[in-house]
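Q: Sequence:
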Amino acid sequence: MHLTADTLLLMEVGGLLLLMSVLGRVANRLGQSAIPLYMTLGLLFGSGSVLSLDASTEFLHTGSEIGVVLLLLVLGLEYSPTELMSSLKKNAPAGILDALLNAVPGAIFALLMGWGPIGAIVLAGVTWVSSSGVIVKVLRDLG
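Numbering that gives the first Met the number 0 puts the sequence shown at residues 0 to 142.
Note that these hints are calculated values from the structure, not bench results.
Positions of the beta carbon are idealized from the N, C-alpha and C atoms, including for glycine.
Certain hints may be false.
Unchecked claim - Label pairs and their in silico Cβ distance ranges:
#1 L110 <-> H60: 21 to 27 Å
#2 L71 <-> L141: 18 to 24 Å
#3 G30 <-> P104: 26 to 32 Å
#4 E82 <-> D53: 27 to 33 Å
Construct the complete structure from the given sequences, taking the supplied hints into account.
A: The following block contains the structure:
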């Protein structure tokens with residue numbers, strides 16, 4: 000039986016979403032965050048792994064970019080400008096530490112890859128923002 004590219008895409012994405020929902024449910028039952036399980040699933044099915052998702056790679060790449068943007072939007076919707084300024088003053092030291100631990104390694108990696116200063120700034124921003132989003136999700140999951 001020959002499967003079309005669209006059929007393979009839907010099967011891969013559907014199977015992945017099913018696995019993610021099962022893992023999320025298991026994590027919730029155990030009182031843990033699902034993020035480490037999702038990351039492990041990504042490692043199992045990522046490029047270079049034994050169980051590569053060839054039909055859905057481009058779709059998942061685009062979906063991940065949309066997901067990061069939606070995560071940032073949701074974070075922005077959570078706070079009023081007053082809350083944001085109050086929190087900014089109170090949490091500035093933690094934000095500086097967050098930048099040092101997440102943005103700086105991204106910038107260094109980009110420079111080592113020869114991507115230049117613009118690439119370093121972009122990758123630093125991506126690693127900083129996405130890691131901050133993950134931290135917020137974990138903290139929210141923990142209560």
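Q: Out of the numbered hints, which ones does the structure contradict?
A: 4
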